[in-house]
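Q: Construct the entire structure; sequences and hints are all you get.
If you read the sequences in order, they're chains H and U. Position in the first sequence (from 1) plus 1212 gives the number in the working numbering. In terms of the working numbering, the second sequence has 72 at position 91, counting the first letter as 1, and numbering is strictly consecutive.
Computed list of lysine to any residue pairs in SDA-like fashion (alpha-carbon distance at most 20 Å, straight line):
(1) U:Lys92 / H:Glu1475
(2) U:Lys92 / H:Glu1472
(3) U:Lys71 / H:Ser1288
(4) H:Lys1426 / H:Pro1484
(5) H:Lys1462 / U:Ala95
(6) H:Lys1727 / H:Asp1687
(7) U:Lys72 / H:Arg1407
(8) H:Lys1462 / H:Gly1485
(9) H:Lys1727 / H:Gln1653
(10) H:Lys1219 / U:Lys86
(11) H:Lys1649 / H:His1695
(12) U:Lys(-16) / U:Ala95
(13) U:Lys92 / H:Met1215
(14) H:Lys1727 / H:Thr1679
(15) U:Lys(-16) / U:Glu9
(16) H:Lys1290 / U:Arg74
(17) U:Lys86 / H:Phe1267
(18) H:Lys1462 / U:Lys92
(19) H:Lys1710 / H:Lys1817
If we take Cβ atoms under 8 Å as the criterion, some of the chain U residues that face chain H in the derived model are:
(20) Ser(-8)
(21) Thr(-6)
(22) Asn36
(23) Ala57
(24) Ile58
(25) Pro59
(26) Gly79
(27) Ala80
(28) Lys86
Since the hints were made in silico from the structure, they are not lab data. Beta carbons: idealized from backbone N, C-alpha and C, even for Gly.
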Amino acid sequence: MDMNEIKEIFFQECEEQLAELESGLLRINDGDSDPETVNAVFRAVHSIKGGAGAFGLDELVAFAHVFETTLDCVRSNKLQTSSDLLKVMLKSADVLADLTAASRDGGSIDKSRTSVLVKELEAFAKGTPLPVAAPAAEPAKQEAPAAAAPEPAEDSGFQPVPFSFDDFGDEDDAASPVEAGGGGRSVFTVRFKPRSDLYAKGNEAVLLLRDLAKVGDLQVRCETDTLPPIDQLDPEGAYFSWLIRVETDKDEDAIRHVFEFAEWDCMFEVTPGADEEAFAAQTVLGEDQPMAPVPFDLSMLDDEPAMPVAAAEPAVVVSMPAPAVAEPAANPAEDAPLAPPSLPRAEKAIAAEAEKKDATVAAVPAAPQTIRVDLDRVDRLINLVGELVINQAMLAQSVVENETGGSSAINLGLEELQQLTREIQDSVMAIRAQPVKPVFQRMGRIVREIADMTGKNVRLVTEGENTEVDKTVIDKLAEPLTHMIRNAVDHGLETPEKRLALGKNAEGVLRLTAKHRSGRIVIEIADDGAGINRERVRSKAIENGLIAPDSNLSDEEIDNLIFHPGFSTAEKLSDISGRGVGMDVVKRSIQQLGGRISITSKPGKGSVFTMSLPLTLAVLDGMVVTVANQTLVVPLTAIVETLQPEKKDIHAFGPTQRLIAIRDTFCPLIDVGHILNFRPDLANPIDGVALLVESEGGGQRALMVDAIQGQRQVVIKSLEANYTNVPGIAAATILGDGRVALILDVDAVVTASRGHALSSEMTLSATG
Amino acid sequence: MKKKVLTVDDSRTIRNMLLVTLTNAGFETVQAEDGIEGLEVLEESNPDVIVTDINMPRLDGFGFIEGVRQNERFRAIPILVLTTESDAEKKNRAREAGATGWIVKPFDPSKLIAAIERVTA
Chain H
1213 MDMNEIKEIF FQECEEQLAE LESGLLRIND GDSDPETVNA VFRAVHSIKG GAGAFGLDEL
1273 VAFAHVFETT LDCVRSNKLQ TSSDLLKVML KSADVLADLT AASRDGGSID KSRTSVLVKE
1333 LEAFAKGTPL PVAAPAAEPA KQEAPAAAAP EPAEDSGFQP VPFSFDDFGD EDDAASPVEA
1393 GGGGRSVFTV RFKPRSDLYA KGNEAVLLLR DLAKVGDLQV RCETDTLPPI DQLDPEGAYF
1453 SWLIRVETDK DEDAIRHVFE FAEWDCMFEV TPGADEEAFA AQTVLGEDQP MAPVPFDLSM
1513 LDDEPAMPVA AAEPAVVVSM PAPAVAEPAA NPAEDAPLAP PSLPRAEKAI AAEAEKKDAT
1573 VAAVPAAPQT IRVDLDRVDR LINLVGELVI NQAMLAQSVV ENETGGSSAI NLGLEELQQL
1633 TREIQDSVMA IRAQPVKPVF QRMGRIVREI ADMTGKNVRL VTEGENTEVD KTVIDKLAEP
1693 LTHMIRNAVD HGLETPEKRL ALGKNAEGVL RLTAKHRSGR IVIEIADDGA GINRERVRSK
1753 AIENGLIAPD SNLSDEEIDN LIFHPGFSTA EKLSDISGRG VGMDVVKRSI QQLGGRISIT
1813 SKPGKGSVFT MSLPLTLAVL DGMVVTVANQ TLVVPLTAIV ETLQPEKKDI HAFGPTQRLI
1873 AIRDTFCPLI DVGHILNFRP DLANPIDGVA LLVESEGGGQ RALMVDAIQG QRQVVIKSLE
1933 ANYTNVPGIA AATILGDGRV ALILDVDAVV TASRGHALSS EMTLSATG
Chain U
-18 MKKKVLTVDD SRTIRNMLLV TLTNAGFETV QAEDGIEGLE VLEESNPDVI VTDINMPRLD
42 GFGFIEGVRQ NERFRAIPIL VLTTESDAEK KNRAREAGAT GWIVKPFDPS KLIAAIERVT
102 A
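A: Written out as structure tokens, the structure is:
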């Protein structure tokens, strides 16, 4: 794993944290007062900050820090949540998401928005009379709100606590060096007397001294005067102190740095210059000299044989580094319970080693509940299963053809194989299934932004967020959903004033629902706004020449006009629904996913958009048809009905176009074989079958094919990936007999046919 | 014998960075996602040193350190705390809970290793 992979993981994690952050804030907004919710929100921001720091994403760190500070005030109950605060926090969550995205993908973010929010957040954190910018002010900012929040009156008097650890590690500012023997080296005298706390916290005098030896040349003397007789010895007491002469080319800070972790739990002082007098008091052992034996009488131990001695300190005076010293200072946890002090060292070591070995065997990492798998691997698996399905179908077919089907054992085995294949396929598809939650959560932000821009009050209610659908579908869902949500807020919901005047709650409700229904996912976007203004839609459609002025349209037909290409009800282009994108684009992108969309609307009560999408894009229910001796697959979702045309129903319409009368409607008849250039001439409709399909404009078309072979589930094989894009063909599949069949792109075929008969068919299909 | 480090952090990013850094430096690494898991993994893995975050779900770093220090078998293990900035208050609390030392995030590999070496034999 390299840094880039970790960075990738960081951004993945950010996504999760951002989702957590937003849903937490929304829960708090809904009155959730569980402190753990606030904690989780805080942790999310904190975690993003921590990771961003590791990758040097300063902008992200700076903003996350301000956000975190304010959240910390909420967490410690120094700041009460209010709807204003939550608004700012939700916006901040959005900005944090932007900053994260900008860090990942490059690109810029709206700096003014960020700085406004920084100011707002800091104002909430209160008592922060500090300048807005500068991460340099961070330690102070961190302190300020915590101390000042409870009593605003104290604000002015507050001073950040000066903090002294920051400057360790700066080794360039020399502190009054005392020259020793030239070469720019100075001599310091260090006095160090640990308290027992130092050992209790896992620090170790010998390690500190060893570390100090890296700073310069040491002369160390251990003072053992205070060591009591062993029967009075507290095994966890601290009895020794050290006098150390350091000769170094570094400065005093470098020495202090070594004792950084320990300085609270010991007496520690550094003085420049050598204290020769103190050293003269006793002899100092040189590096080469043997270790002095510790004088103690083992017979004393008889009284308390089990007394652990491990925490007792090395009672020797040595020059550093001296490995031998490490032994007596061994970890008490390791030795104490097992080895009484009288045990010879070798045995002790064996015991400790054995214990370690045991521990290694027992060291099993906790089992994770989920694993992350590269999407490519899943796709490869899905592909293989697709092959398996095809292979199984081929096998079944050849068994039938060879008439070995008589053997019931083979038949039984085949049936089982088929069932297993199907189960494997379903299970593999389930791996790709993801809850729609992340997409739904993104909509929260869209709603807030548009509500802000339009001055409307909107509450987004989401249901069924855990409904699962194929990842590809989810990825492609965001765009149409965003557009529909924008439309719903911009056009559907009224302004608060208007709502109040109508006797509605000032706050509009937008309801986003997902559910499974008969093998598909159904997503509804319902608003409680004004509903479709049919008069306006109608006049607009007439204006745009979509319908004849005297057309007699049902309410439903009028409502569906908004999906017609080129139709846009926005009277003025706004930021929100400008860009020339209309509901027709939404409809097309949903159809590309093999989905359908419809609208129902009640004037004054609101509108409901309903999308129905396939659960997966890897398999498709198709109708297998024959066209000019070719086998094609038509997606079943596109087909409304099939019918056998009769001569009296077919009407010529110009030289190349034909219409078919279906009940009271005329519908363009498209010869699929002709459109796809399988045959030069139009086939006789009487010989074929018409498939009535739904097209983009809400109108219907009849696709003429030669014969229907049957319905089956087919595995989709991308043509682009294996060959090249072919107009009119969406993809390919392999049938049970091993032949490749092309999957018809119904919309493309319909669009191609429209080159000849454009606006007329709308009128024709709509009237009637 | 390789030294074993137990890292406790809820952030996958930081866990991975620690893992890579420590592995490259020749340490054996075991990991936990929060204080509670940390105490469990501690029992199983018998590490030489612990590196822990403070802000974690279920059981935070302070609670985790206290838990380790109350454990007869492991109470003397050196514990380094990961802090995001030089936050005096948090450091003090970590010390009171029994932390041995700290590493300021964002850490660079050499600082992390230096801090670990300072507290392990």
